[in-house]
Amino acid sequence: MMSSIDRKRIIELEDKCLKIRKDLLNFIYQIGMGHLGGELSIVEMVVALYYEYMKYDPENPKMEDRDRFILSKGHCSETLYTVFQDMGMFTMEYMVEHFETLNTARFGMHSNRKYVPAIELSAGSLGHGLPAAVGMALGARASKAPWRTIVMVGDGEMDEGTNWEAIMAAGHYKLGNLVAIVDKNQVQMTGFTAQVMNLDPLDKKIEAFGWEVIQIEDGNDMLQVCEALEELPECDPVTPRKPIFIISNTVKGKGVNFMEGNYKWHGGGIAKEQLEEALADVEKNRKVR
Amino acid sequence: MAVKTTFDFDQMLSNAKEAYGEELMKLAEEGREFLFTYSDNVAPSSSAGKIIEKYPDRCFNFGIAEPNQVGASAGMALAGHIVFAQVFGPFLPLRAADQIHTDIAYNDVNVRLIGTHSGVTAGGGPTHNDIADLALYRAIPNLTVVVPADAGQCRKVIRASMEYDGPMIIRIDRAGSPDIYAEDYEFQIGKAIELVEGKDAAIISTGSSLYECMMAAKMLKEEGISAGVLDMHTIKPLDTDAILRVAYKAGNIVTVEDHSINGGLGGAVAEVLCEAGYHGKFKRVAMPDTFSVLGDPDEIYKFYGMDRTGIAEQIRSMLR
Numbered sequence: 001m002m003s004s005i006d007r008k009r010i011i012e013l014e015d016k017c018l019k020i021r022k023d024l025l026n027f028i029y030q031i032g033m034g035h036l037g038g039e040l041s042i043v044e045m046v047v048a049l050y051y052e053y054m055k056y057d058p059e060n061p062k063m064e065d066r067d068r069f070i071l072s073k074g075h076c077s078e079t080l081y082t083v084f085q086d087m088g089m090f091t092m093e094y095m096v097e098h099f100e101t102l103n104t105a106r107f108g109m110h111s112n113r114k115y116v117p118a119i120e121l122s123a124g125s126l127g128h129g130l131p132a133a134v135g136m137a138l139g140a141r142a143s144k145a146p147w148r149t150i151v152m153v154g155d156g157e158m159d160e161g162t163n164w165e166a167i168m169a170a171g172h173y174k175l176g177n178l179v180a181i182v183d184k185n186q187v188q189m190t191g192f193t194a195q196v197m198n199l200d201p202l203d204k205k206i207e208a209f210g211w212e213v214i215q216i217e218d219g220n221d222m223l224q225v226c227e228a229l230e231e232l233p234e235c236d237p238v239t240p241r242k243p244i245f246i247i248s249n250t251v252k253g254k255g256v257n258f259m260e261g262n263y264k265w266h267g268g269g270i271a272k273e274q275l276e277e278a279l280a281d282v283e284k285n286r287k288v289r
Numbered sequence: 001m002a003v004k005t006t007f008d009f010d011q012m013l014s015n016a017k018e019a020y021g022e023e024l025m026k027l028a029e030e031g032r033e034f035l036f037t038y039s040d041n042v043a044p045s046s047s048a049g050k051i052i053e054k055y056p057d058r059c060f061n062f063g064i065a066e067p068n069q070v071g072a073s074a075g076m077a078l079a080g081h082i083v084f085a086q087v088f089g090p091f092l093p094l095r096a097a098d099q100i101h102t103d104i105a106y107n108d109v110n111v112r113l114i115g116t117h118s119g120v121t122a123g124g125g126p127t128h129n130d131i132a133d134l135a136l137y138r139a140i141p142n143l144t145v146v147v148p149a150d151a152g153q154c155r156k157v158i159r160a161s162m163e164y165d166g167p168m169i170i171r172i173d174r175a176g177s178p179d180i181y182a183e184d185y186e187f188q189i190g191k192a193i194e195l196v197e198g199k200d201a202a203i204i205s206t207g208s209s210l211y212e213c214m215m216a217a218k219m220l221k222e223e224g225i226s227a228g229v230l231d232m233h234t235i236k237p238l239d240t241d242a243i244l245r246v247a248y249k250a251g252n253i254v255t256v257e258d259h260s261i262n263g264g265l266g267g268a269v270a271e272v273l274c275e276a277g278y279h280g281k282f283k284r285v286a287m288p289d290t291f292s293v294l295g296d297p298d299e300i301y302k303f304y305g306m307d308r309t310g311i312a313e314q315i316r317s318m319l320r
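Just so you know, the sequences run in chain order U and E. Residue 166 in the working numbering sits at position 166 of the first sequence, and the numbers go up by one each step. Residue 13 in the working numbering sits at position 13 of the second sequence, and the numbers go up by one each step.
If you're looking for bench data, these hints aren't it; they were derived computationally from the structure. Ideal placement from N, C-alpha and C gives every residue a C-beta, glycine not left out. Be careful, since some hints might not be right.
[Unchecked claim] DSS-like, lysine-lysine: derived pairs with alpha carbons at most 27 Å apart:
#: 1; chain 1: U; residue 1: Lys144; chain 2: E; residue 2: Lys54
#: 2; chain 1: U; residue 1: Lys114; chain 2: E; residue 2: Lys236
#: 3; chain 1: U; residue 1: Lys144; chain 2: E; residue 2: Lys26
#: 4; chain 1: E; residue 1: Lys236; chain 2: E; residue 2: Lys4
[Claimed, not checked] Computed from the model, here is a short list of chain U residues facing chain E with C-beta under 10 Å:
#: 5; residue: Glu64
#: 6; residue: Gln85
#: 7; residue: Arg113
#: 8; residue: Lys114
#: 9; residue: Ala118
#: 10; residue: Ala137
#: 11; residue: Arg141
#: 12; residue: Ala142
#: 13; residue: Ala145
#: 14; residue: Thr162
#: 15; residue: Trp164
#: 16; residue: Ala166
#: 17; residue: Ala169
#: 18; residue: Gly267
#: 19; residue: Gly268
The shape of chain U in the complex, shown without the other chains (with noise of 0.2 Å):
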């Protein structure tokens, strides 16, 4: 664990952040296909658990006791693929070689385990996350593991019912070993989540179904994001407590300026003059401490 105030590692993630945002540019650019928006607001939050909070060895990403991170959202996995190949699983142009090539693919616009050993859960179907992740956190306690399990969903994937299940279980069985973070972009396909299905006050909800809540103000600032995670008690596999819910408010497509906010940019590829002006606003855009 790093202290909140070590400025030199702040700025040595925030360096790691734009590097995974032009690899995934750079990656979306060549498959042709990917959900930039998501994507990129979810960048600070996996760079800061995957590089520095979990424990995690990207040399063995079965290690048994390691931590869990579920990536609800499995339309992002784009990332995922992206953080795994800088850590050096594999490399970029492996992923371009075997992205959704039939019988040779390795890797595909949703998350799968069987492929990429280091996904935990194949996903893709919304509002899956939340309740396997309470599965793990139980089967965690039944067998007193010391691992955490981190599941992050979408704020547009929390109208799906299935979440608000597992939000229930979670609160009855007090999984103290659980971590549910919102990126919470607000936009979802077809335009903002206030409009398309109001998810507010999520603290308020969340608290009464039994939750702590921690809040991010900025979810794309690194040094809020690492504040947050500092704040996180030690992982207890048994002792019943409040499991955690980390509302991450982020920006859709952040870092490229024609994308952030825009619902337009959820899914799709990007053209060549695209991902110069992209490059180049990731580049621009990056927070200078």
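Assemble chain E onto chain U, guided by the hints.
Structure of chain E alone, referenced to chain U:
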């Protein structure tokens, strides 16, 4: 088939719904490791209720929320456990279809989904009928689907599932189906059992319908008609060799199941026969393509010709 069955003896009461809990308890007492998830319909006095009482740390109640229960069961399996999940059958396949498809089958986890109260055996009308499940399960890759015919077979399925790799559905009727088997026998998932050899016709059946098929064969025998009975306890993977063997031996195939006439065992057998070039007669006995009339399961079976009299009549009419 050397084993003694109800074809040779009078019926003995059976209770497959109790048997799964009894066998799980036995496994637990033997020190076998598994987790058990359940819904708000397991009576504390039942055999499953007793496991919950004795092993509270490995049993989890999910209330009335089947999708969450099925999804969480997948999560437990991903955390390294074998998981038995009891769900009230009528609310398993349709309510939790996406979870069965994605969390259980696609993620390929060692969860055994025990759907109780299959077919029309729950009573209570079409909201409490489970007649579309086999059609759904047959279309989902990776699933193994087993339908025990009596309590003893249910115990064998539960035990065999501990050594089986991959997701499994265990479809159990409400309880009270009579025993089919009167003594021990070898059971293998995916391998049908020829209970009665027949020269004139063959009945292929599964689960709670099997007893009525045995009784129909007995009635026909007294009339001089030799009707065989094949226990197709595993719907997927289907024992196609056994189907073709009885088809070419006897001809005149009748399938019987407590499921919609569409997409279940009858459909599966028809596909096998058709593709193999079978030219004999074939008839499906099942719930017709309509929401069921209201009544006790036995009365419903009789109403739709799914009881021994109806089954025997189908065979007589084939032979006329």
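Each hint tested on the structure:
no., hint, result
1, Lys144(U) with Lys54(E), "holds (19 Å)"
2, Lys114(U) with Lys236(E), "holds (22 Å)"
3, Lys144(U) with Lys26(E), "holds (24 Å)"
4, Lys236(E) with Lys4(E), "holds (26 Å)"
5, Glu64, "holds (8 Å)"
6, Gln85, "violated (23 Å)"
7, Arg113, "holds (6 Å)"
8, Lys114, "holds (7 Å)"
9, Ala118, "violated (13 Å)"
10, Ala137, "holds (8 Å)"
11, Arg141, "holds (8 Å)"
12, Ala142, "holds (6 Å)"
13, Ala145, "holds (7 Å)"
14, Thr162, "holds (5 Å)"
15, Trp164, "holds (9 Å)"
16, Ala166, "holds (5 Å)"
17, Ala169, "holds (6 Å)"
18, Gly267, "violated (19 Å)"
19, Gly268, "violated (24 Å)"
In the structure shown, a violation is registered for the earlier hints numbered 6, 9, 18, 19, in ascending order.
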